[in-house]
Structures are given as structure tokens and as C-alpha cells.
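Asker: Each chain, written out:
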Amino acid sequence: MSNTLANPPPSWGDPNLTDAEKRTLAAMCARMIPASDEFKVPGADDPLIQADIAKSLGRDATAVHDTLALLNRIAGGDFAALPVAKQEEACATLRAEGGMNLTLTTRIVLQCYYRDDRVMISLGMEPRPPFPKGHVLPQGDWSLLDPVRARGKIWRDA
Amino acid sequence: MTDPVDILIIGSGASGAAFAWSMADTRMRIVCLEQGDWVKPTDYPANGRDWEARRYSDADILPNRRQHPADYPVNDTNSITKIATYNAVGGGTVHYAAHFPRLHPSDFRVRSLDGVAEDWPITYRTLEPFFTENDRMMGVAGLANDPSYPDHAYPMPPIPPGRSGTRFAQAMNRLGWHWWPSAAAIATREYEGRAPCINLGHCLPGCAQGAKASTDITYWPAAIRAGVELRTNCRVREITIGPDGMATGAIYYNRDGQEVFQPAHVVVMAANGIGTPRLLLNSVSAKFPNGLANSSGLVGRNLMLHPWPVVQGWFNDEMDGQRGPIVSLWSKQFYETDTSRGFTRGYMLQFGRGPGPVGEAQAGLESGRMPWGPGHHAAMRRYFHRRAHIGIACDDLPEEHNRIILDPTLKDSHGIPAPRIDYTVSPNTAAMMEHGIARATELMREAGAHTTTVSREVLNYPGHLLGTCRMGTNPERSVVNEWGRSHDVRNLFVIDGSVFVTGGGVNPTSTIQAIALYIAQQMKQRLHTLFD
Ligand SMILES: Cc1cc2nc3c(=O)[nH]c(=O)nc-3n(C[C@H](O)[C@H](O)[C@H](O)COP(=O)(O)OP(=O)(O)OC[C@H]3O[C@@H](n4cnc5c(N)ncnc54)[C@H](O)[C@@H]3O)c2cc1C
Ligand code: SF4
Chain W
0 MSNTLANPPP SWGDPNLTDA EKRTLAAMCA RMIPASDEFK VPGADDPLIQ ADIAKSLGRD
60 ATAVHDTLAL LNRIAGGDFA ALPVAKQEEA CATLRAEGGM NLTLTTRIVL QCYYRDDRVM
120 ISLGMEPRPP FPKGHVLPQG DWSLLDPVRA RGKIWRDA
Chain V
0 MTDPVDILII GSGASGAAFA WSMADTRMRI VCLEQGDWVK PTDYPANGRD WEARRYSDAD
60 ILPNRRQHPA DYPVNDTNSI TKIATYNAVG GGTVHYAAHF PRLHPSDFRV RSLDGVAEDW
120 PITYRTLEPF FTENDRMMGV AGLANDPSYP DHAYPMPPIP PGRSGTRFAQ AMNRLGWHWW
180 PSAAAIATRE YEGRAPCINL GHCLPGCAQG AKASTDITYW PAAIRAGVEL RTNCRVREIT
240 IGPDGMATGA IYYNRDGQEV FQPAHVVVMA ANGIGTPRLL LNSVSAKFPN GLANSSGLVG
300 RNLMLHPWPV VQGWFNDEMD GQRGPIVSLW SKQFYETDTS RGFTRGYMLQ FGRGPGPVGE
360 AQAGLESGRM PWGPGHHAAM RRYFHRRAHI GIACDDLPEE HNRIILDPTL KDSHGIPAPR
420 IDYTVSPNTA AMMEHGIARA TELMREAGAH TTTVSREVLN YPGHLLGTCR MGTNPERSVV
480 NEWGRSHDVR NLFVIDGSVF VTGGGVNPTS TIQAIALYIA QQMKQRLHTL FD
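So the sequences go chain by chain: W and V.
Per numbering that gives the first Met the number 0, the first sequence starts with residue 0, numbered consecutively.
Per numbering that gives the first Met the number 0, the second sequence starts with residue 0, numbered consecutively.
Honestly, the hints are just simulated from the structure, not real lab data.
Hints may contain errors.
[Stated by the list, open to error] DSBU-like mimics (lysine-lysine), calculated; alpha carbons at most 35 angstroms apart, straight line:
no., chain 1, residue 1, chain 2, residue 2
1, W, Lys54, W, Lys85
2, V, Lys286, V, Lys523
3, W, Lys132, V, Lys39
4, W, Lys54, V, Lys81
5, W, Lys54, V, Lys410
6, W, Lys54, W, Lys21
7, V, Lys39, V, Lys81
8, W, Lys39, W, Lys54
9, V, Lys410, V, Lys81
10, V, Lys81, W, Lys132
11, V, Lys410, V, Lys286
12, W, Lys132, W, Lys39
13, W, Lys39, W, Lys85
14, V, Lys39, W, Lys54
15, W, Lys39, W, Lys21
[As the list claims (entries may be wrong)] Rough simulated footprint, nothing fancy, chain V against chain W, three-plus residues with beta-carbon under 8 angstroms:
no., region
16, 84-98
17, 129-141
Where a beta carbon is used, it is the ideal one built from N, C-alpha and C, also for glycine.
Extracted from the complex, chain W is given alone in its bound form (with noise of 0.2 angstroms):
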């Protein structure tokens, strides 16, 4: 399911990232939401996290190699050796040149944080799919209405 396939066309790209490549992007997603013990929740470099991400990457395969491989250029050599200033000053110029790609690779990064049971939790919503359970939603009160009503017809004869 998902923007997963077993056999995606090669028009998407490598399914797989290297071990490199993960590390690369670990560190990103370190960068771009850590851990917080205030909101108690994981970061986006969590293993869990990175598992779902690695086997997400669908349709974006090559926008999320393309993403690393500039991180790395910007990072002159590899991204996740740098020290936590030098990776901040890093990710500053990804996000300034990044382009489709990047926002592409970030997408993939939220769509597999945010459904992680211990953000959904921190964020006030149920670990669940939206089916079966649905939401509820605040029943109206029509009399509001009356004005609307009272000012009359609106519509054009024709």
C-alpha cells in the first residue's frame, strides 16, 4: 500500500538508502526535530522512525538521495562527522537551496513522525487510524441564522 509498491518502477528511483545514506539522514532528522523530554516525545532520528522512513520513500526516492547527497556536498564530506554547529550551519543552506527535493524528503520525514503512537499521544490525538472510530464534531446552533434569513432573497431571476 501506501507509496510503497514491491516492485516500484524505476522511474522512482532506488527504493533503498545505503547505510551511508542513513546515517546522512538520521543526522538531518536530528537537526530538524530532536527528541524533547518537555513534550515527551522521540526525535525524527529515533530508530522506529527511521526504520518507517527508510521503507517510505516511494514515489521520492530520488528527491530524498538527491537531499543527502547535496547535504553531504554542503557539508564538504560527510554530514553526520560534523559537529552539532557546523550540521545546524549545514542544514540553514539545505534549507535555502534544497528546493522540491527537499521538501519532498521532509514530507516523507513527517509523514512517518507524525504517525509514530508516542508523538500522536503527545499531540493529543488516539493512536488510531481515522476509521472505524471516526471524531466527533460540535453540533451548529442554525439560529444563528435569523439576520440571514431576515435580510431575504439574494439570488437573481433570470
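For this one, chain W is given, so just place chain V with the ligands on it according to the hints.
Answerer: Just chain V with the ligands, lined up with the frame of chain W:
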């Protein structure tokens, strides 16, 4: 070759399904060819934890992104509005938001009233009984006696406005604006075996609850019970004609990729405002070198797409977020022409709720409202479930240069030439869009939004595909007559959104289906003189 059928319908979406059901009582042999398959409710994204991810992949609204086997590519690089479709049993209704306004009486008379474009050859009153019948068949929820329309009622009570709808309603009361609960093709109570809406908030990529009225669960079961045959995974390549200039049937590729000729006495096009002209333009012959039924040169022209700017607003307190149908209210305050505004015709404001966490975080990171780093979490909690939006549905009048043609190189998986869209926004529409953006922003502020943003084009591609085989009484200025029959080919009919003469400023499906039912009734009344 298979046995001839009486009526061959191409496309099983909003119009094809309604038409098939209505014609079934003639007991004629009716076959519908649909390039897609049945979609199973268990396959809809709302069943899984990856529901939001799938909205951007296999459940995306854009066929170019989705790339299902049933999808055909569309070259829409030359259009600010991208082409959203769904190709399966039910067509676009599987993925629509089910906002269900009718066109207004004035929409059918724009030349007489406002001196622009052309009048329709039919009126609101012509369609009125078919609107009612369609509301009953689809199962529409709404509140009677909206002062922006001639009086009419709905089969079910309206969908709840929720927090965001209530907030907008109060603000519009302060501004003295018209608003009304939206009519929606969504069951708000049990209806004809359908379960009521439980606010999954996931109407676009299919309703797992079956509350949203897509034609695979409304018209099709009834039509099939009445004897209509629906053949899925059958992609039509061309409509064929005989030496007498009459349509003889269609050539299609079946699910095994084999080429099949289906002879028919009547061919009915219901492949939507892009698919129908594409097929006609692909059906060339010595008699019709520029495409079938195209002596007017208007097949594919006058494309209307409803440019749809969106104003987003964020509030300090909690809104509905993704919990609930996308739509809640409409306002017709700026619908009818008032030339002091600097443009002719008008627009509807369509009020909607908010996105899920991925949509919110993505928008936040892109705009800079949410930082990378430790500040992300607090920022996310300031914006998540605190958003609501207003869409501005603009009546883009027909212009011949807005059109679909066949792309010289792009083809679908069967090698059939794909459509290319050429579409620009006129100065009138641009002025309308800016007016709508200013008013929607004013309303957002009045409703208490602390932050607002505007998207002029990218956020919402409404999937409204209209005007490309328009109806009319003059064969030089229209493709089909006032009851859907081609001026050139007397046993060829068009019943989908292609026949719109103008687009109105509302979502079109209620009107598309009313027209399909009306054409079916016209055909039934003329069965013995249909080709005269
Ligand atoms: C994301 C989205 C949201 C929308 N929201 C709303 C809304 O809230 N309210 C509203 O009124 N409208 C909405 N719409 C528009 C609505 O879906 C369309 O107006 C409606 O479905 C059009 O009906 P139709 O019969 O013209 O064509 P469709 O419903 O598009 O049906 C055409 C069918 O023809 C088939 N077909 C095409 N070519 C071929 C071929 N060569 N061979 C065989 N089969 C073929 C297609 O597969 C498709 O099933 C939305 C659309 C989208 C995509
Ligand atoms: S909000 Fe209602 S109509 Fe929409 S998908 Fe959910 S249950 Fe269906």
C-alpha cells in the same frame, strides 16, 4: 467484435452513472465502458495509520502523481490549475469533497443579464426536477430555503458546522454577509443502506464509512440491478463512424490489453471535460479530420477550471482540524454580478476545516512558522488543529484559447495520445480572485485569525473540468444541441461537464448530474425520433 448494444456509455463517473440508471427503465441493452476498476472501501486511506501519507502518493488528487494503471497522464505544465481526476467506477465522485451546490438561475443567462459569454440553451427551471431527483439518488444533506437560491429542500439535515463553521458564521453575521450550511452529498443519518458520516475527515481520498455519495455506491448498484452492464478496466481508444457519418461504436483495450470493437446504436460520452474531448480529438476520420463532432472547431475549447485561491487562517483556540467533512458552509455574498467591484459575475466562498499533522507541519516548516530544531514542538502545538480555510470558487468565463489539445508526444500506457492543457486566467477572473482574497482575508481577521496566508493557485485544484463540448442551438458555436446530441453525429451524445456553456462559481457535480438525468429523459421522450 461483440454483439451490438443499444447504448454505449464511455465513463462511469458522476454523469455516466446517473444517465445509466435513468436509461435502464427503457430495458434497452446498455453497456458502460470504464477504464478504471471498482475501488474497495477497505482500500481507502482512512483504514490505515498511513492515511495522511497516502494523500500525497497513491491517493493523491493528481493523476500525474498517483500514476495508477487506470490513470492517463495529462500535460498540464501550461496551466496554473493542475488537473485533478479520479479514474475508477464512480470517477471523480470517489475523490470529491461532495460539496453540492447547484448552479444559480443567473448562471444560465450570463449574456442576457451581464452581456458576457453566452446564455445556455436551458435554464435553472429546466433542470429543477432533475436536481431534486439527483439529490434523492445521491443522498444530499442541507438546509432548506437558502435565500441565495429559489426555494428547495434536501433529503437530510446539514452537516454540523463544527467549531470553525460556527466561528465563520458569527463573523459573517457581524459583517452582514450571506452564509448558509453547505449542501453536501454526505449522509448525515442512515440513508438508503448507507451509514451516516462519522467525521473521519477523509472525504477526498474516499469515504471508508460509505457516508459520502460516490456513484459506485449510489447510482451504480441500482443501475446494475436494473440490467445495465458495467465493464471495468476497459480503456476506449476511439469512437468509430460508418460511411453514413453515424457513430458505429468504440474501440477499446480490455483488462488483458486486447483490442475490442464494441458496436453500438448510440454512443454517449461521459469521460469528463478532459477525457471526452480527448477521445473525440483522437477519433479522426476522412469525414472528421479534426476530431469527431468537431465541425465547429470547439471540441476541447472554452475549458473552464474554476481558479480557486485559498486563504488560510490560524486561531488561538482549537478548531476542527481534519476531524469532519472538509466542507461546512458557503457564502454567496459575492456571487451575483456587481460591476462596482471591477469584474463581472462572481464567486462563492467555501469554508473548510484544517489539515492533519503532516499537512500542518509541512506548511509550517516551508513557511518558516515552524523552525528546525528544538522549537519545532512548541510551534507545532501553536498551529496544529488551529487552522481553518476559505476557498474562493471563481466563475472563469469561457475563452476559446483555454483548451485541451492532444500532446504531440505524451501517451498513456496503451499508446493513446494524452491531453495537453493550455489555460490562462483572464483579467476579469484575476480581478475576481483578488477581490475574493481580500474579502476572505477580511473575514478571517473578523473571525479572530491571528495569522493568515494566501495561496493564489497551488493549494487547491478543484477537479472541475468544464466547457469543452458546450451545448447550444447554433452548430457553429456549440458541439452538442440543447439536449446533448452532437450537431454533427446524430447518434453521439455528450452528458458530462464538457457541455457547460459557462461554469458558474460553484462546484459543478450536482448540475452535471442533473444535466445527465435531463438528457436521459429527453432521449427517452424521443426514442422514435432520436436521430431525426
Ligand atoms: C479532488 C477532487 C475534489 C472534488 N470536489 C468536488 C466537490 O466537492 N463538489 C463537486 O461538485 N465536484 C467536486 N469535484 C469534481 C467532480 O469530481 C467532477 O465534477 C465530477 O466527477 C465530473 O463528473 P463527470 O461525469 O463529468 O466525470 P468523472 O466523474 O470524472 O467520470 C469520468 C469517467 O470516465 C472514465 N474515462 C475517461 N476516459 C476514458 C476512456 N478513454 N475509456 C474509458 N473510461 C474513461 C474515467 O475513468 C472516469 O471514471 C472534485 C474532483 C476532485 C478530483
Ligand atoms: S468525514 Fe464523513 S463523509 Fe467524509 S470521509 Fe469521513 S465519514 Fe465519510
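Asker: Indicate, hint by hint, whether the structure satisfies it.
Answerer: Here's how the hints hold up against the structure:
no., hint, in the structure
1, W:Lys54 / W:Lys85, "holds, 29 angstroms"
2, V:Lys286 / V:Lys523, "holds, 29 angstroms"
3, W:Lys132 / V:Lys39, "holds, 19 angstroms"
4, W:Lys54 / V:Lys81, "holds, 29 angstroms"
5, W:Lys54 / V:Lys410, "holds, 31 angstroms"
6, W:Lys54 / W:Lys21, "holds, 11 angstroms"
7, V:Lys39 / V:Lys81, "holds, 27 angstroms"
8, W:Lys39 / W:Lys54, "holds, 25 angstroms"
9, V:Lys410 / V:Lys81, "holds, 18 angstroms"
10, V:Lys81 / W:Lys132, "holds, 34 angstroms"
11, V:Lys410 / V:Lys286, "holds, 25 angstroms"
12, W:Lys132 / W:Lys39, "holds, 26 angstroms"
13, W:Lys39 / W:Lys85, "holds, 27 angstroms"
14, V:Lys39 / W:Lys54, "holds, 25 angstroms"
15, W:Lys39 / W:Lys21, "holds, 25 angstroms"
16, 84-98, "holds (count 3)"
17, 129-141, "holds (count 13)"
Violated hints are absent here; each numbered hint is respected by the structure.
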